[in-house]
Amino acid sequence: MSLAIAGMGWVTPLGSGVGPVWERLLKGDEAQAEKITEQFSNQCYSVFRVPESAMTGAPSHPRLRRASVISRFAAAAGLEALQAAGVKVDSPSAERTLQF
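Residue numbers for the sequence shown follow the numbering used here, so the first one is 1 and each next one is one higher.
For the record, the hints were derived by calculation from the structure and aren't laboratory data.
All values derive from a computational prediction rather than experimental measurement.
Among these hints, one or two may not hold up.
What the hints assert, rightly or not - Here are the simulated distance ranges between beta carbons:
1. R65 to S2: 34 to 40 Å
2. V69 to F40: 18 to 24 Å
3. G28 to S60: 31 to 37 Å
4. E38 to V89: 37 to 43 Å
Backbone N, C-alpha and C fix where the C-beta goes; we use that ideal spot for every residue, glycine too.
Please model the complete structure; the sequences and the hints are all you need to start from.
Shown next, in the form of structure tokens:
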């Protein structure tokens, strides 16, 4: 058995898409941390939120409607990776495709 990485996809606090995010990184852009406080223990945490604009063009499949935000990020990044690899996700190829 062999494995080849043929495509990449990103959904990050700097946006989505390998090309656009990479350009922002090369320009020196950084994601901005924001502090949130836990309601009951008053502990403070730093978080890096993914902007809603990062999900424009994300799939609107009915099965993703009730999925968690993390699952939607994974689906969007995975579909971008498949597209970058030149994989056409139609019924026959979808049965043989693993998105990891």
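Going down the list of hints, with the structure as the test:
1. R65 to S2: 34 to 40 Å: holds (36 Å)
2. V69 to F40: 18 to 24 Å: holds (23 Å)
3. G28 to S60: 31 to 37 Å: Hint holds: Cβ distance 34 Å, inside 31 to 37 Å.
4. E38 to V89: 37 to 43 Å: holds (40 Å)
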